[in-house]
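Enquirer: Here is what each chain is made of, one letter per residue.
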Amino acid sequence: MCMFSKWERVLLSCLLVGSLAVAGCGSGKKDTDKGGKTKVAFVHNGSINDGGWTNAHSNGRLALLKDNKNVEASYVENVGDGADAERVITQLASQGNKVIFATSFGYMDSMVNVAKKYPDTIFMHCSGYKTASNMGNYFGRIYQARYLTGMVAGKQTQSNIIGYVAAFPIPEVVRGIDAFTLGVKAVNPKAIVKVIWSNTWYDPAKEKQAALTLIDAGADVITQHQDTVGPQLAAEERGKWSIGYNMDMSKAAPKAVLTSAIWNWGPYYEKVIKEVQAGTWKSGAYWGSMKDNVVDIAPYGPMVPEATRTLVNQAKQDIISGKLNPFAGPIKDQDGKVRVEQGQIMSDADLLKIDWFVEGVDGYISK
Amino acid sequence: MRIKLQKSLAPNLVSQTLIPIVAILASLFFCAIFFVLTGRDPVEVYSAMFLGALGSEYGISETFVKMIPLALCGLGIAVAFRMHLWNIGAEGQFYMGACAATWIPLSFPNLPFMLMIPTMIIMGALGGGLWGLLAGWFKTKWQVDEIISTLMMNYIGILWVDFLVYGAWRDPNGKNFPLTAAFPQSAMLPTFGSLRVHYGIFFVLLIAAVLWIIFKKSKWGYETLVIGSNPVAARYAGINIKSNVLLTMFISGALCGIAGMVEVSVVVGKLQPGISPGYGYTAIIVAWLARLHPIAIIGVAFLFAIIHVGGFMLQTMGMPSATATMLQGAMLFFVVGSEILTKYEIKFTSSKEGEKNE
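Protein chains in written order, with the numbering used here: chain A, 1 to 367; chain B, 1001 to 1358.
Source of the hints: derived by calculation from the structure; they are not laboratory data. Check each hint, because a few of them may be wrong.
To be verified - Here are some, though not all, of the chain A residues that point toward chain B, as calculated from beta-carbon distances under 8 Å:
no., residue
1, S74
2, V76
3, E77
4, N78
5, V79
6, G80
7, A83
8, R87
9, L92
10, Q95
11, A167
12, I170
13, I196
14, N199
15, E236
16, S366
Glycine is no exception: its CB is placed at the ideal position from the N, C-alpha and C atoms.
Given only the sequences and the hints, what does the whole structure look like? Please build it.
Expert: Printed below as a string of structure tokens:
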């Protein structure tokens, strides 16, 4: 026995040495000169084919690649918020990427840590609030698009109950629900918005189930703040209406989708890379608006009447021109207390940490 | 000439160690076929993977960072599995351990290091251990199948952490994002230099050594083995099955809880949702592939850490993220499948001889 276990050890070490040697040979051809191209990398928490959040960022990357020939862009998907994020971002920085975009809120502190170690790399974090001299954050005022889609939903609903499948009660999601509800209320004061928390960003089956529950509770329009098209599929299946999010979801549910609140990251990514290439990039917090074309609404489905289209298109023009602000007072909360006075507008600081629902939301935020 | 499978009565050590290793190599070869079919050079793929995980000081450090929670959970699972107590709840016990340990720095941020860390370890062990014990108690009291109860309790544990970080434990200066305040330095296990690999590695080595001795030498280790393989015989021998179920579930959960404590203490530095990307589930595969042997668990956990860390490296080469999952799946398939070769002997017999035997 003893003899054999010695042999095993020999064999084992041979294998290890062998595999390392093979590994060593294979690595010789790396690090070729990229011909002066700017290396850019993206880190995503979801899959680039999720039909939602990550997909929208991925389309932004593709638009960047198409319009800027001096860019080389790679991505890493399905990266968890815990221990993995810091390592993946570090690896990308050490591989010589000049700019790294990270598209999940949970990456924020990991990115701050890596940014300290790689002062020559530019880090861009989406949807957080921390910045550093070489780390900027960026996000978009999707609430403007939410408000407009809320108007469409408010016009379309017959049961006056609109269902909202939402991931987690963080400010980004609460803000969207509030803006949507304000849009609904602007055209249909009788309608209410029912919220179900799914407690997941990415779970197509669970999101769909939540939507079915809302439909059973009387909702005839379903919208959502998730990463997939699950809720839209539920609406399609039951013959109800739906408002998409992240991307134009009319392909997934052609009979249901009235319109979608969409992200349009391409122009922004192009702008950042141009600044980096020109050497004019500066750290800061960017919160893009409909005017910048970062957020928008998708083309209407054929079921949306002409009168609604005219109304919403006008509102869109007013948002772009600054005449209309979804968070202009008076705004009451769920208890009927006035939170924003007549003639006032909620500040960005308050919007970024909002944790209360406006009047008309039928839902609950745990505190 | 016939081929016969004969149950081998005394499986020998050589085949028991060699066959799994060959199976792992076979699974790598098997996956290489897919790489070739999708137009990749498998040598390049594997070298990128292994170099990403082992080719630099940083890579090795990160591989250990990944190995530590996998090994701790794997050891916890092995304690229960050895008794045929199917604790699928490592994930939930990990979260409950992390949660209980977090309570200390949030409530007493000014404790000195020498007091803070030990209490956090005890709380982590208690958090995970009591969560496991609860499932054990259901089993002894009402014969609730522990596979179902531990699995369901995972969801409760994870949602409980969500409940706290979205609510009462939210950092007041965190703009209403679901994170607790960052831990004070005294609540963080030390790391080796500027690398992320940390003293949690000593927990792994210590616990594995203790378990190895217990499994091999102690009466209790033997008792749990007997209960697992033959509960009737165990009862005749006067072994108290109920108290052993409770004790085992507690220890199993406590080890997973310590894994959670270690992860929040040093790697994450605060409690937040998603602290585990499924360590508790992957650790089941780790424990199983290691045949519940404490020392082998460290090795398998390290291998899985390589695949995981290297897997992300592959993505930067444009490989899909499923590559690492495919490798893990193929390994499990080949190693479990190869068990037939260690448990049975293949006999080639002439047909005459075969008839005689029958």
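Enquirer: Of the numbered hints stated earlier in the document, which are not met by this structure?
Expert: Structure breaks hints 11, 13 and 15.
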